[in-house]
Amino acid sequence: YLKICIDDNPFADIYQHIGTCNAFIEKAKDRDGCVFVHCFAGISRSASIVIAYLMHFQKFHTTSPL
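Oh and the sequence shown: position 45 is 50 in this note's numbering, straight run, nothing missing.
Take the hints with a grain of salt, since some may be wrong.
[Stated by the list, open to error] The calculated lysine to aspartate or glutamate pairs, modelled on DMTMM-like cross-linking and capped at a C-alpha distance of 20 Å, are:
no. : residue 1 : residue 2
1   : Lys8      : Asp18
2   : Lys8      : Glu31
3   : Lys32     : Asp13
4   : Lys64     : Asp12
No wet-lab data here; the hints were simulated from the structure. Every value quoted in this text rests on a predicted model; they were computed, and no experiment measured them.
Start from the sequences, fold in the hints, and give me the full structure.
And the structure:
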């Protein structure tokens, strides 16, 4: 399990956690595991982490539709 504490406000520094989260997701994927990314509100923090992963490992571009 990986728990990352990020404040639920527009000024929270999500960027500092992206590397850790990306590595965790990729490790689970390499082991044929599953990852469930969530936050309390489900509006921006969890989505930001998943989008950062997709941009890095799946080469999604910022203009690509999800």
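Now the hints, each set against the structure:
A C-alpha spacing of about 15 Å is found between Lys8 and Asp18, which places the hinted pair at or below 20 Å, so the restraint holds. Under the criterion of a C-alpha separation no larger than 20 Å, the hint pairing Lys8 with Glu31 is consistent with the structure, at around 16 Å. Of the pairs offered as hints, the one joining Lys32 and Asp13 is violated, with about 27 Å between alpha carbons and a cut-off of 20 Å exceeded. Distance hint between Lys64 and Asp12 is unfulfilled; the C-alpha atoms sit about 28 Å from each other, more than 20 Å.
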